[in-house]
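Novice: Chains as they are written, first to last, in my numbering: chain G, 2 to 619; chain E, -11 to 388.
Just so you know, the hints here were simulated from the structure itself, not pulled from any lab data. On a predicted model such as this, the values are computed, not experimentally measured, just so you know. Ideal placement from N, C-alpha and C gives every residue a C-beta, glycine not left out. Incorrect hints may appear among the rest.
[As the list claims (entries may be wrong)] With the C-beta cut set under 8 Å, the calculated list includes, among others, these residues of chain G facing chain E:
no., residue
1, LEU15
2, ALA22
3, GLY26
4, ARG36
5, TRP38
6, VAL42
7, SER44
8, TYR48
9, GLU427
10, LEU429
11, PRO431
12, LYS433
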Amino acid sequence: MYLRNDSKPQGSRLSLRVAVAGGVGAVLFAVLFFRLWNLQVLSGDEYLAEAQNNRTREIKVIAPRGDILDRNGEVLVDNRASLALQLNTTKLPEDPAEEKAELARLGELAHMSLRKVRRTIAEEEEVAAGAPVTLRRDVGFELIAYIEENQEEFPGVSVERVFVRNYPDGTRAAHLVGSVGEVDKEELKEPEFKDLEPGDEVGKGGVEYSYDKFLRGDPGHTRIQVNALGEPTPGGQLVSEPPTPGNNLKLTIDGEVQAAGEGGLGARGLPGAFISMNIDNGEILAMGSNPTFDPSELIEPSQAQVDQLYRDPVLAPLVNRATEGAYPTGSIFKIITALAALENGQITPDTVVQDNGQIEVGTDTFENAGGVAHGAVELRRALQVSSDVYFYLLGLDMWKTNELQEWAHKLGIGRPAGLDLPEEGETLLPDKQWRNQLFKEKLTDRPWSAGDNIQLATGQGDLQTNPLQMALAYAALGNGGTIPTPHVGLEVEDAAGRVLKEFKFKPQRKIHIDPGFRTAILEGLHAAAQEGDGTAAGVFGGFPIEIAGKTGTAERDDHADQSWFAALSPYPNPRIVTIATVEEGGFGAESAAPVVLDILEAIYDKQASAVSSGGGAE
Amino acid sequence: MNTYATRTRNSRPEPFAVHVGLGERLGLAHMDWPLTIAAVALIAFSVFTLGQATQNDVPGDPNYFLERQTIYALLGIVGMFVLTRIDYSRFRELRVGIYTFLCTTVTLVFFFGFAARGSRRAFELPFFSFQPSELGKLLLVLALAGFVIDGARRGSEVQRTVRYLCLGLAPAGLVFLQPDLGTSLVYVVATLAVMYFGGVPWTHFAVIGGALVALIALVLVVAPAVGTPILKGYQEERLTSFLNPDEHQSGAGYQQNQSVIATGAGQLSGRGDKATQTRLDFVPERHIDFIFAVIGERYGFMGDAFVLSLYALLFWRALRITTLSKNSYGTLVAGGIAVALLFQTFVNVGMNLGIMPITGIPLPLMSYGGSSVLATFLAIGVLQSINVQAHLSQKGRFAW
């Protein structure tokens, strides 16, 4: 031990220890200098970039979607600024009981159960963890004011300005325009949505869906400087790239015609549908379905609205019956039977058939409506008075061949119509193969029989189709054999009204229809609509525009008869097909024909004075 | 010229020697000026940096930290000059009292201290929260050096080593329990340093080193494995996260990662007021534990290297004083202080640079905080006293 405090510690042993301590110190300082040099001089660039990245946050500025206009430029759908209730979950109270209390208070204000609040949070966290959760869109100013006044009770709650779809005419064209909603996880995987992020809005139905890429804008971005908590710092707005609003979509729909159809159908008070289409180019002037709904209710539906909109399988207001319905059509199908029989040489327009009111096939008897006997009828007369026997016999003639089905198929029955909307329903054109297959699988009690074809010839039996498909068949008849592509999209315009893109829909196919046969059928339809004892003469007799039309009264199991009417106008060179159907509406002339009349009146802008209630027998 | 030249072997040193000239009277003539300059330059840079970097930290009071640190600095400098004039050898005689005071104060915080972040380590005074464990670093060195000198001829070498260890580890354990892991580590290192300069055999250090390795293994690996963790969860995470900061992005590793980014982003000459990491709260506790990163980001390599150079100067001058001391007590005290300063500097700067764990050890003379600034200046005052006394005793020789 070298310690002797009375004198200086002795030399060499202390010197060694001091030297070792100094050496250790030198090494440690060298380590720090080396590390410092490495960090700041050699890798400084990387860290600077990281620091830059650290302090900025990109905030997306939502682009408003384009407006949806009718063909005259009237607004069907636009946007309105709205307030959304957002919740930053990281700022919720840490104490579970307090958190629960806040969520419950919020839920009460937003008319949501605590469970629903939690589920919303969980769902949004799943797609975009950490991002503020949108609890409810389109909340009222009173609610916002209340929350702002009681801010300390609602930590983490904020209000954001968002765009919400606005429907100035309420239910107008509700089934066509569709709705918007947040893009879901499956959609995000698809290439057309590759630029989207969770939380972005996309069309969920109608033209909002089909023309989404035109309506959807490009979001803008604002880069702001934030602190470590992600809070914006004063004066820290760095770069701002304004959003590009979506383009406007002009529809083929004519708002006035649409309104007339909706009004006429609505006045019936029964479920039903209508469509009015240009037979040359497939532009749909009006299409609607009843019962209908206000699309704004879909934004934040109440529980009662959810029940009414989504959970009523009978009324099903969200279903577009014009394209998703599946019905027998009754006598409006007869033009197809007529065309098939004429083109296959079974009959000529002048072939006379004795209509005694009924025919017997095997053990079955098929009667005219009401058992009325029309006597000797040829094609025109058979159409005018809607002789079932005439067409029963044609159906009987063709029951072993597939000719009726082939023509129906060519004319568009039982196959996708090629509509530019996502909503197209399943339909069925019954044929031998279909029923025999069912019979083989023991799903039916009999194979294909003459009766099946006799039923189909008059639009009865197992036929399941919709107004859209029938419109295509009538269009082909009216234009001489061209099946157009039905569509509602007309053109895309920018905000200033300049046309950016016109949609071209080529005809789907052409079929050969003998002009003479076409003329004969149209003559029969014209007589039915407007001459003498024609089935719809009571409705259209006084209508100033000449039309060709056909009533239909479809028998449905467990339902009262369904009323149909199909019209081609003007006669004899039609441009427009208009079809309406009213479930349980009775005779064709009784309820569907007046709806068509309402539409035609709007189209021709004539205040025709037609006898209001249908009287003619079929 | 002075009275010390004529002192006999066992006479007590005069605490307040009377000198002729003013400089002599203030003890300025024999101060170690490089040491003084290094210390004052560090605290000046600290005040300057706090003034620039903490303007938005306290709402409505942009100079909150600047003003307080300035007051602490001035008090510290005064304290340093006072101690310069006192013969440090007095402290050897007071070792038992100092040691008792040390253990008492670090114990009293358990009862009267105010709790901050789960730790009781300071007394709340009207203008100042006083953290006794900071001053305790100096007190421990002063007392332990006295015990070592005093006990140099008592017992076997092993007994002595064990005695010193116990004397040093007792207050270290108390501080550890506050809990203040970082400061307790400084106590351990200071204890070992005094023993080292006190001539404890190398073999003993080898054994202590082995025991330390075993202890660390026990604390970090064995104890948690058998379900009786000694460290609190956050302590362990802070200690180990620097080894793989990416695994602890949101916790302790996050802080350190942000500190490294801040330092690196400063590059050669710093970002000045464009510094974002330290200005926008990405680096936590920036005025205390991470002030080196603040300097790194604001003033770049030039700033940090300047600060490191001052610490190197400080350490060199302190170590040099160990060899100049007129007696062994001074050597031990100076060695303890020098190594404690080196340890705190290395651990804190290493923590800022991501190569040492987060231990909450402040950077001497740079970190904001009255207790730390005062205690460090007082320690430097003791070093100055040793230097002055060495010159006055006329027995000093210039080693370097």
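Novice: Take the hints in turn and mark each one as holding or not.
Specialist: Here is how each hint holds up against the structure:
Residue-level restraint check for LEU15/G holds (minimum Cβ-Cβ distance to chain E is 7 Å; threshold 8 Å). Here the hint on ALA22/G is kept, as its CB sits about 6 Å from the closest CB of chain E, short of 8 Å. Proximity of GLY26/G to chain E holds as hinted, the smallest CB-CB distance being about 5 Å (cut-off 8 Å). Interface hint at ARG36/G: satisfied, since its Cβ lies 5 Å from the closest Cβ of chain E, which is below the 8 Å cut-off.
For TRP38/G, the shortest C-beta to C-beta distance to chain E is roughly 7 Å, which falls under 8 Å, so the interface hint holds. Interface hint status for VAL42/G: upheld, as the beta-carbon distance to the closest one in chain E is roughly 6 Å, under 8 Å. Hint status for SER44/G relative to chain E: holds, with the closest Cβ pair at about 6 Å, below 8 Å. The beta carbon of TYR48/G is positioned within 8 Å of a beta carbon in chain E (closest approach about 3 Å), and the interface hint is therefore held.
Look at GLU427/G: its Cβ only gets to about 52 Å from chain E, farther than 8 Å, so that hint breaks. A cut of 8 Å between beta carbons decides the hint on LEU429/G: the least distance to chain E is about 59 Å, and the hint is violated. At about 65 Å, the closest approach between the beta carbon of PRO431/G and any beta carbon in chain E exceeds 8 Å, and the interface hint on this residue is violated. Residue-level restraint check for LYS433/G is violated (minimum Cβ-Cβ distance to chain E is 69 Å; threshold 8 Å).
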